[in-house]
Amino acid sequence: MRISIENFTKSFGDTTVIEDMSLEIGDGEMLALLGPSGCGKSTTLFAICGIHRMNAGRLLFGDADVTEVSSQKRNVGVVFQNYALYPHMNVYENIAFPLKVRKESRAEVDRKVQEIADLVHIGELLQRRPVQLSGGQQQRVALARALIRKPDILLLDEPLANLDAKLRLEMRSEIRRIQLATGITAVLVTHDQVEAMSMCDRIAIMDKGRIVQLSTPKDMYENPSSAFVAGFLGNPPIAFLEGTVADGGFRLANSRVTLPVPSGIELPGDGAPIRFGVRPEFFQPGNPLKVSGKVSFVEIQGREELYDVTLENGAVLRSIQAQSAGFRLGEDVSWGIAQDKVLAFGPDGNRL
Amino acid sequence: MTSSNFRSWPLFLVLGVISMPLVIMYVYLFVDTVTDTTAGSLIPDRFTLHHWRFLWEEPETGRVSIWTVTLNTFIFAICTTLINVSASVTAGYALSRLNMPFKRFFLGGILTLHAFPTITLIISIFLILQMIGLYNTLIGVILVKTALELPFGIWIMKGFFDNVPWEIEMAGLQDGASRFTVWWKLVLPQVQPGVAALAVFVFLSAWSEFILPQVLAPSGSAQVLSTYLSNLIFDDIKPDFNMFKSVGVFYALPVIVVYLIFNKQLMNIYGGGTKG
Ligand SMILES: Nc1ncnc2c1ncn2[C@@H]1O[C@H](COP(=O)(O)OP(=O)(O)OP(=O)(O)O)[C@@H](O)[C@H]1O
Ligand SMILES: [Mg+2]
Numbered sequence: 001m002r003i004s005i006e007n008f009t010k011s012f013g014d015t016t017v018i019e020d021m022s023l024e025i026g027d028g029e030m031l032a033l034l035g036p037s038g039c040g041k042s043t044t045l046f047a048i049c050g051i052h053r054m055n056a057g058r059l060l061f062g063d064a065d066v067t068e069v070s071s072q073k074r075n076v077g078v079v080f081q082n083y084a085l086y087p088h089m090n091v092y093e094n095i096a097f098p099l100k101v102r103k104e105s106r107a108e109v110d111r112k113v114q115e116i117a118d119l120v121h122i123g124e125l126l127q128r129r130p131v132q133l134s135g136g137q138q139q140r141v142a143l144a145r146a147l148i149r150k151p152d153i154l155l156l157d158e159p160l161a162n163l164d165a166k167l168r169l170e171m172r173s174e175i176r177r178i179q180l181a182t183g184i185t186a187v188l189v190t191h192d193q194v195e196a197m198s199m200c201d202r203i204a205i206m207d208k209g210r211i212v213q214l215s216t217p218k219d220m221y222e223n224p225s226s227a228f229v230a231g232f233l234g235n236p237p238i239a240f241l242e243g244t245v246a247d248g249g250f251r252l253a254n255s256r257v258t259l260p261v262p263s264g265i266e267l268p269g270d271g272a273p274i275r276f277g278v279r280p281e282f283f284q285p286g287n288p289l290k291v292s293g294k295v296s297f298v299e300i301q302g303r304e305e306l307y308d309v310t311l312e313n314g315a316v317l318r319s320i321q322a323q324s325a326g327f328r329l330g331e332d333v334s335w336g337i338a339q340d341k342v343l344a345f346g347p348d349g350n351r352l
Numbered sequence: 001m002t003s004s005n006f007r008s009w010p011l012f013l014v015l016g017v018i019s020m021p022l023v024i025m026y027v028y029l030f031v032d033t034v035t036d037t038t039a040g041s042l043i044p045d046r047f048t049l050h051h052w053r054f055l056w057e058e059p060e061t062g063r064v065s066i067w068t069v070t071l072n073t074f075i076f077a078i079c080t081t082l083i084n085v086s087a088s089v090t091a092g093y094a095l096s097r098l099n100m101p102f103k104r105f106f107l108g109g110i111l112t113l114h115a116f117p118t119i120t121l122i123i124s125i126f127l128i129l130q131m132i133g134l135y136n137t138l139i140g141v142i143l144v145k146t147a148l149e150l151p152f153g154i155w156i157m158k159g160f161f162d163n164v165p166w167e168i169e170m171a172g173l174q175d176g177a178s179r180f181t182v183w184w185k186l187v188l189p190q191v192q193p194g195v196a197a198l199a200v201f202v203f204l205s206a207w208s209e210f211i212l213p214q215v216l217a218p219s220g221s222a223q224v225l226s227t228y229l230s231n232l233i234f235d236d237i238k239p240d241f242n243m244f245k246s247v248g249v250f251y252a253l254p255v256i257v258v259y260l261i262f263n264k265q266l267m268n269i270y271g272g273g274t275k276g
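Chains A and B, in that order, give the protein sequences. In this text, residue positions in the first sequence follow full-length UniProt numbering: the first is 1, and each later residue adds one. In this text, residue positions in the second sequence follow full-length UniProt numbering: the first is 1, and each later residue adds one.
The set of hints was computed from the structure by calculation and includes no laboratory data. Note that the structure is a prediction, hence the values are computed from the model and not measured. Even for Gly, the Cβ is constructed at its ideal location relative to N, Cα and C. It cannot be assumed that every hint is accurate.
Said to hold, decoys possible - Here's a subset of chain B near chain A, in silico, CB distances under 7 Å, partners left out:
#1 I168
#2 D175
#3 G176
#4 P189
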């Protein structure tokens with residue numbers, strides 16, 4: 001079901017947390033709300049499910065205005081960050097609770113619980129208590145409970161935050177598989193860019209209660225609208241070079257090196273401060289536009305090697321290279337930037 | 001514990017010696033109720049059920065039967081417990097979760113009342129009860145006892161509710177349950193150890209209450225066991241100490257039974273239910 005948030009504003013007392021946000025989520029789409037801690041992701045999620053009332057604005061599911069509809073009647077499934085399983089009930093009772101509330105018949109409940117338990121692969125755990133489950137299993141139970149009523153919308157608040165690295169990887173694809181299998185419209189709140197990029201159709205990046213960019217993962221990675229977005233996506237992160245415009249080129253700060261500016265970038269006047277963003281995969285020994293510096297950090301990651309290169313003016317560029325490149329700490333190197341991949345940002349952080 | 005580097009018997013010995021006087025006292029208390037002792041001797045020499053005659057003999061004129069008094073005590077303790085627990089459970093939840101006006105004022109008031117020495121109120125309570133005609137009635141004592149115990153109960157239950165994760169309630173609402181269903185089916189089970197402990201506590205406190213019934217319902221049909229016991233020792237021209245002890249044992253029996261049944265709940269207050 002399509003979700004439309006129109007001019008949503010939310011404040012707690014005097015502090016306005018979300019201001020005039022509008023967002024449209026398509027039917028069957030999985031959208032990530034990505035942003036730093038405290039930017040209002042959970043608040044947005046809780047407004048969609050009805051836990052928080054909106055101070056202003058409208059919320060539509062499909063064509064129906066649900067702004068004033070109570071959470072019980074919205075038919076939205078929610079998975080909370082700490083799963084919020086009912087500790088005094090076993091797994092079966094947990095999953096069956098939404099159906100019991102609706103007074104469905106025993107046979108019906110039995111059938112549906114069995115069906116959903118098979119979907120999330122917890123068929124053998126039905127008699128256990130939540131405390132007897134591992135984190136990943138609890139996660140699956142929470143998913144099953146959220147899905148059993150066949151909700152129109154599934155909301156996930158940092159569902160993977162409490163899992164260890166390996167389980168996180170597994171549950172990432174599991175949640176996506178289940179979302180695709182049910183065709184449900186889903187909103188995923190996360191502050192982990194890898195999660196957002198790997199699981200979702202589109203990403204909405206939030207900062208201080210506003211959506212700063214809304215796009216597909218690939219487009220957002222290649223065409224960030226601001227330095228904030230560029231810095232948020234990508235691991236290892238993008239590196240920035242500070243400098244000013246000089247003679248139609250980019251003069252590095254505290255240095256006499258001037259780099260040519262890629263075509264298609266509209267520069268402000270001479271002397272204006274700007275920034276270049278260079279992603280690690282575009283700073284390689286083989287590229288033509290050379291800059292020289294000293295290797296100041298080496299991290300062997302098995303398949304890849306990660307280098308920091310400190311330039312003469314003190315700025316740091318990052319490079320990620322295939323294994324066995326074998327550069328050593330302190331070595332003087334002269335590597336190149338892929339010129340057409342450089343991202344340039346103006347003084348206000350917006351993309352040029 | 002059977003670890004070899006820790007011998008437990010010296011500890012038991014010390015504890016045993018220290019608690020010996022207490023044990024002897026209890027044993028004597030019980031033995032005295034079923035025996036007679038020749039004057040001047042310490043060792044009882046005859047078995048008798050004479051001291052327990054209050055259980056089956058008709059009470060003397062002007063006295064109330066022990067069974068009426070026992071029933072009164074049960075009514076007193078159980079009603080106090082029921083009213084107190086239901087009020088604490090609802091008020092505690094409201095203070096913990098609901099966004100109600102004057103919340104801080106209520107919390108402050110409860111804390112103050114909890115710390116207040118209730119005995120200083122007894123004169124005014126006495127006057128009030130007399131004015132509204134509840135003096136010397138069981139209902140009056142029940143209401144007063146409940147009111148005085150309530151701040152404690154509310155405070156304790158609020159603490160238990162505070163520990164229930166907020167998300168559990170939100171999940172319940174999201175699952176389509178009404179506010180009441182959420183409270184009844186999801187929240188109350190989490191605080192069930194607290195409810196059990198509070199109930200036992202209030203029951204025992206009411207059972208052993210002496211001052212209130214003594215002042216507010218001292219005589220006649222509203223007597224409870226504690227006042228009956230004290231009347232026994234003060235009223236008689238010829239005091240029967242062994243009978244006094246028998247009534248005492250009779251009075252203590254329910255307390256012992258309650259402890260035996262519920263000691264696990266009382267010990268488990270902080271262990272069960274809310275984890276996970
Ligand atoms: N009930 C509340 N009362 C007052 N302020 C609140 C309340 N809930 C959230 N806030 C504030 O609103 C802002 C956004 O909170 P929110 O929980 O949406 O952040 P978030 O993006 O989910 O962060 P995180 O990643 O840490 O969960 C925060 O500054 C927070 O302090
Ligand atoms: Mg949050």
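- Which hint numbers does the structure go against, in order from smallest to largest? Hints that this structure does not satisfy do not exist here, as all of them hold.
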